[in-house]
Amino acid sequence: MRKHFNGRMIRNTASILFVLLFLSCASNKKKKLWEPTARYVIWFESTYDAYAVDEMIELKLYVKNNTHRSIYFGKKKKNIISFWVTNERGKKAAKKSSIDLNSGFFVHAGQTKSLRFKINRCYQMSKAGSYSINARLKHGRLDRSYSANIYSLRVFEPQALKENFYKKNSGWRVEKGNGFYFVSAYENYKLAKRTRIDSWYEGADLQTEIDTHDDFHVLYQAGDELFKHVVSTKDGFILSTEKIKVSLKESCILEKKEDDTVVVKGGKKVK
1 MRKHFNGRMI RNTASILFVL LFLSCASNKK KKLWEPTARY VIWFESTYDA YAVDEMIELK
61 LYVKNNTHRS IYFGKKKKNI ISFWVTNERG KKAAKKSSID LNSGFFVHAG QTKSLRFKIN
121 RCYQMSKAGS YSINARLKHG RLDRSYSANI YSLRVFEPQA LKENFYKKNS GWRVEKGNGF
181 YFVSAYENYK LAKRTRIDSW YEGADLQTEI DTHDDFHVLY QAGDELFKHV VSTKDGFILS
241 TEKIKVSLKE SCILEKKEDD TVVVKGGKKV K
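Numbering (the working numbering), first residue to last: 1 to 271.
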């Protein structure tokens, strides 16, 4: 009888210990699940994963504060976000200017802050190839620094489709690359500005003209029943973009009049 009682006590004690151990493990797992991976998290985003040579590359940097205290970043060496860019050979790109972060900013507790800047205005990225963008967050109050995941993007040389030069050495080219159209302005055969205008449409009709003000007109097919008319200044800035709807049996053309003004003939303008 006593022997049986002791055995049952041992079995009950073992069961209780097992249950306590299981609950302890479950509690620890649950606690880990809700803990943030880092006190601060930083990362990059961009509209495209590839850009034409000398096209402006705008990045967004996000800073997430997972703590219960606000933190300030400014120009002091102890509280800054530093950047660097490397090419596909692992060599650091030359720095042209500093990234302006509006002379300092707060990231409040639990807040995510976003900052926009044009990375190739600050670093030399004018050659085709792959580039890696890095950032590190440092602050005098932090016990360590926090780095962003390396952000990679590609720079490519677009292909010329048509060109119009109003002087021997100055004018425009319509180019394509990575599925997009570009309008590029040239001065003394050097690229002044390159602007992405639209997605490239397979087998599209493309027309160009220069008007009396030396503005550049591009008319291109953007869909089965849609054309787009883009006007650019000689400096490469887009003045206007309009849509022209056509029927399947209809088309539209750029027409240059006697006074050198340029108009679209055919189709119907739509918003």
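Among the hints, a few may not be true.
No more than 30 Å apart at the CA atoms, straight line, and that leaves these computed lysine-lysine pairs for BS3-like [to be verified]: (1) 92 - 138; (2) 95 - 162; (3) 269 - 193; (4) 127 - 190; (5) 138 - 118; (6) 256 - 193; (7) 245 - 228; (8) 256 - 271.
Honestly, the hints are just simulated from the structure, not real lab data.
Here is how each hint holds up against the structure:
1. 92 - 138: holds, 20 Å
2. 95 - 162: violated, 34 Å
3. 269 - 193: Holds. Residue 269 to residue 193 sits at ~28 Å (cutoff 30 Å).
4. 127 - 190: holds, 15 Å
5. 138 - 118: Holds, at about 22 Å.
6. 256 - 193: Status holds; Cα separation ~25 Å.
7. 245 - 228: holds, 9 Å
8. 256 - 271: holds, 24 Å
Consistency note: the structure conflicts with earlier hint 2 alone.
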